[in-house]
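Here are the chains, one letter per residue:
Number of protein chains: 2
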Amino acid sequence: MNELIGFFHPKSVAVIGASREAKKIGYVILQNFVLGHFHGNIYPINPNAEEILHLKCHPSVLSVRDRIDLAVIAIPAPLVPTALEECGRKKINNVIIVSGGFEEVGRIDLKRRLEKILGKYQKMRVIGPNCLGILDTRTGIDTLFLPSYRLERPKRGGISFISQSGALGSAVIDWAAMQGFGLNKFISYGNALDVNEADLLEALEKDGSTKVIIAYFEGMREGRKFFESAKKVSRKKPIIAVKGGRFEESSHAVKSHTGSLAGSSEVYSAAFKQAGIIQANSSREAFDFARTIINEPEPKGRKVQIITNGGGYGVLAADAAIENDLILARMNAETVKSLKKKMPERVVIGNPMDLTGDADNERFRIAIEAALNDNNVDSILVNMLFQVPTLDSDIVQILSELNKKKKKPLLVMSIGGNYSELHRHALEKEGVSTFISPFNALKALRKMVEHHYFLKKS
Amino acid sequence: MNELIGFFHPKSVAVIGASREAKKIGYVILQNFVLGHFHGNIYPINPNAEEILHLKCHPSVLSVRDRIDLAVIAIPAPLVPTALEECGRKKINNVIIVSGGFEEVGRIDLKRRLEKILGKYQKMRVIGPNCLGILDTRTGIDTLFLPSYRLERPKRGGISFISQSGALGSAVIDWAAMQGFGLNKFISYGNALDVNEADLLEALEKDGSTKVIIAYFEGMREGRKFFESAKKVSRKKPIIAVKGGRFEESSHAVKSHTGSLAGSSEVYSAAFKQAGIIQANSSREAFDFARTIINEPEPKGRKVQIITNGGGYGVLAADAAIENDLILARMNAETVKSLKKKMPERVVIGNPMDLTGDADNERFRIAIEAALNDNNVDSILVNMLFQVPTLDSDIVQILSELNKKKKKPLLVMSIGGNYSELHRHALEKEGVSTFISPFNALKALRKMVEHHYFLKKS
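Taken in sequence, the protein lines are chains X and V. The first sequence: position 458 = 458 (the numbering used here), numbered continuously. The second sequence: position 140 = 140 (the numbering used here), numbered continuously.
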């Protein structure tokens with residue numbers, strides 16, 4: 001990961017501002033390294049403590065003898081410049097400043113002091129200030145100062161997520177963890193004193209374990225550089241962006257948040273399109289798009305077959321297909337003929353295909369298999385109501401096997417309470433892309449289709 | 001509830017097609033009456049059984065001596081006419097035909113036979129066929145043939161939900177139950193041989209325990225009558241509608257689903273507006289609108305104050321406010337002055353008001369109380385990240401107390417995993433309107449503001 005690699009693969013880390021009080025940021029961060037799966041050396045820095053979490057404390061990084069690869073600074077803003085200066089002198093090349101209280105609250109003076117120090121130590125790269133830093137599910141780097149009983153950490157996956165807003169980013173990964181979605185890296189870069197969205201994009205391009213990039217930002221430090229990088233990166237790795245502060249009135253809020261300036265909504269949308277960036281309206285939507293792109297094979301075109309055991313969901317899915325510029329597939333005459341033989345008379349072999357409320361596992365298997373094998377069908381949406389007594393839990397196994405054989409996108413939507421959610425989560429765990437509304441599913445499909453069209457055209 | 005009252009308050013019920021097999025529809029429906037909180041007499045009808053669930057079976061309703069107020073028919077379609085005829089002869093005035101297999105699969109002949117019988121017995125009203133029938137959380141009527149371990153039943157509440165699609169309706173109430181939302185009545189009316197959406201609207205208008213009506217439909221039997229009723233009803237009880245089959249292509253699916261014809265999307269939208277019907281894009285959205293209208297006092301106007309401990313969510317909420325034609329409130333100078341005294345310097349007293357990531361319970365209480373008392377603020381959206389260590393669970397108590405005192409809408413949005421969802425559900429239980437995205441919250445607020453404007457204008 002080029003010059004930023006040190007942030008993700010440090011062999012030793014110092015926590016400047018390590019605290020003995022469980023509610024303090026400096027305690028939670030230290031605890032993450034101690035109790036997590038980080039394997040390097042850990043140095044708590046605190047001039048007023050002897051030992052924290054059974055680790056010997058040092059008054060300053062300068063009093064640590066060994067090399068330090070990564071420093072995390074979590075002390076009040078006025079004390080940060082001195083700590084950063086010491087990091088420079090100690091030749092620490094990667095520093096995360098978690099502390100807030102700089103230009104976002106008008107302390108331009110403090111920001112200037114940090115810039116000066118950065119200028120002096122050319123090899124030192126800084127993430128932050130005013131950020132949560134990094135969560136890397138592979139190496140165990142975790143500077144999120146929210147304890148894991150309050151904020152769950154997702155399992156390993158292919159999605160890396162960079163966010164200007166730490167709060168938004170962390171709440172979303174907490175949600176993603178509960179949903180069973182995988183994550184690769186989360187990087188909250190806050191005020192972007194040094195490392196910004198453009199740097200991170202280039203770093204993630206080179207990161208083998210990152211398959212898709214999600215970016216949330218409000219304003220940009222280096223817009224031109226970002227879009228130039230994006231144009232290049234989006235050909236290799238899909239980039240999904242959520243832009244906050246899209247209106248004149250709401251963009252006022254951005255300045256006091258991360259001290260950057262938001263641009264107009266239209267300008268950004270146009271730039272996104274040109275650079276091949278997929279735009280999402282929310283981070284949930286961004287995760288839908290990202291999961292679909294990671295899980296699903298490339299669709300040949302826009303023709304989608306809807307299969308359901310709930311007529312109303314068939315109708316709403318057909319609406320959603322039209323709204324998302326997709327086409328309702330028409331299966332081959334032979335497929336229809338063969339299905340008619342295998343299905344009860346009341347099942348209409350159309351699109352949507354309503355298997356009716358008494359469909360069992362086998363009826364679903366036959367219908368989905370037929371659609372998978374029909375070359376007039378580019379992708380499939382199954383609207384599954386698990387609640388009906390004719391279906392049993394083995395449907396998870398059946399869908400999971402069909403999913404492994406598929407050569408076209410196969411999405412499953414289900415809505416309901418605990419019983420239904422249990423089965424949806426089980427499918428998600430088996431690698432099936434699941435959704436809680438037909439609209440969400442087909443919007444994700446649309447974005448994937450459009451992205452593949454973009455890749456072919458350009 | 002006028003002539004339809006018998007459907008909701010029967011003193012005795014017959015289940016025609018009661019079955020001994022646990023997976024059969026006729027078993028589940030009988031079980032609902034036996035194990036639920038229905039207090040009347042129950043008569044299983046099955047010529048081939050002696051006893052089911054410890055109840056004596058009868059070969060026909062005609063062999064039951066006592067009066068029967070409600071019959072539920074769950075037998076194959078070709079047998080339904082004879083059963084309905086017998087209900088007529090037995091003078092049963094309320095019949096629910098759950099069975100499918102009529103005009104929706106081309107059996108116009110069977111439909112005609114039912115119509116003829118209906119013509120003969122003028123006092124008999126029929127819900128269905130091809131439907132789930134009724135769930136009434138107050139009286140325990142429950143003809144939903146999905147066992148409750150698969151499909152949860154919501155707690156009592158003020159929302160009544162009529163749905164042409166049984167599958168859609170039942171999946172949504174299952175979801176609503178899990179969310180902790182209340183429900184009054186659910187009525188799935190399927191093919192609407194007799195009782196249709198217009199009849200149900202008029203019945204629910206007179207039903208004291210129904211506060212808001214949600215309607216899902218694809219086509220309509222008596223469009224003119226429905227909109228005339230709606231015009232009248234919507235002045236007393238808000239009506240929220242979701243229309244399936246909104247496009248030429250997708251409306252083909254409607255015919256095979258419930259045998260009715262869907263009209264054009266624009267025609268419906270215009271008619272909704274004129275009749276004061278609030279249009280929702282999905283049933284989830286409909287529940288958001290309904291909850292907000294039931295829980296929240298009337299807002300004076302469009303000015304919303306956003307309060308958050310997550311800057312990014314402040315920015316996204318400001319975006320959502322603009323997108324939903326709301327106005328970012330500007331608090332009075334005195335409020336701002338007084339808040340500045342009580343808050344740390346880095347808290348910007350603006351809109352959004354970012355209490356910053358280390359906000360504690362008390363900081364939230366002060367900010368929300370100030371906004372509740374400021375006459376320049378018409379409503380409040382709190383974007384709460386429960387995950388931060390400075391907040392503790394007592395925030396539920398604090399918000400719940402502020403919520404009880406409020407004279408303006410107070411909405412709470414939070415996103416996250418299990419810890420966060422636990423607290424959101426606790427708030428919901430306390431009567432606070434909670435949401436999982438700022439956009440959902442502010443769209444619901446917008447619909448409520450617009451509905452009150454409509455009521456004043458007309």
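Each hint should be verified, as a subset may be incorrect.
For chains that are exact copies, the list does not tell them apart, and a pair is met inside one copy or across any two.
Said to hold, decoys possible - Calculated cross-link-like contacts (lysine-lysine; reagent style DSS-like; alpha-carbon spacing at most 30 Å): (1) Lys-342 to Lys-406; (2) Lys-91 to Lys-341; (3) Lys-90 to Lys-337; (4) Lys-56 to Lys-225; (5) Lys-341 to Lys-111; (6) Lys-206 to Lys-225; (7) Lys-116 to Lys-91; (8) Lys-236 to Lys-91; (9) Lys-23 to Lys-340; (10) Lys-23 to Lys-341; (11) Lys-24 to Lys-340; (12) Lys-155 to Lys-341; (13) Lys-91 to Lys-404; (14) Lys-111 to Lys-337; (15) Lys-456 to Lys-11; (16) Lys-120 to Lys-457; (17) Lys-340 to Lys-206; (18) Lys-211 to Lys-273.
Derived from the structure by calculation, the hints contain no laboratory data.
So, going through the hints one by one against the coordinates:
no. : hint               : result
1   : Lys-342 to Lys-406 : within (21 Å within a copy, 60 Å between copies)
2   : Lys-91 to Lys-341  : neither (75 Å within a copy, 42 Å between copies)
3   : Lys-90 to Lys-337  : neither (75 Å within a copy, 45 Å between copies)
4   : Lys-56 to Lys-225  : neither (43 Å within a copy, 80 Å between copies)
5   : Lys-341 to Lys-111 : between (74 Å within a copy, 26 Å between copies)
6   : Lys-206 to Lys-225 : within (17 Å within a copy, 64 Å between copies)
7   : Lys-116 to Lys-91  : within (16 Å within a copy, 92 Å between copies)
8   : Lys-236 to Lys-91  : neither (34 Å within a copy, 72 Å between copies)
9   : Lys-23 to Lys-340  : between (64 Å within a copy, 25 Å between copies)
10  : Lys-23 to Lys-341  : between (66 Å within a copy, 25 Å between copies)
11  : Lys-24 to Lys-340  : between (66 Å within a copy, 25 Å between copies)
12  : Lys-155 to Lys-341 : neither (44 Å within a copy, 44 Å between copies)
13  : Lys-91 to Lys-404  : neither (49 Å within a copy, 57 Å between copies)
14  : Lys-111 to Lys-337 : between (72 Å within a copy, 27 Å between copies)
15  : Lys-456 to Lys-11  : neither (42 Å within a copy, 68 Å between copies)
16  : Lys-120 to Lys-457 : neither (46 Å within a copy, 67 Å between copies)
17  : Lys-340 to Lys-206 : neither (51 Å within a copy, 47 Å between copies)
18  : Lys-211 to Lys-273 : within (20 Å within a copy, 46 Å between copies)
This entry does not satisfy hints 2, 3, 4, 8, 12, 13, 15, 16 and 17, going by the numbered hints stated previously.
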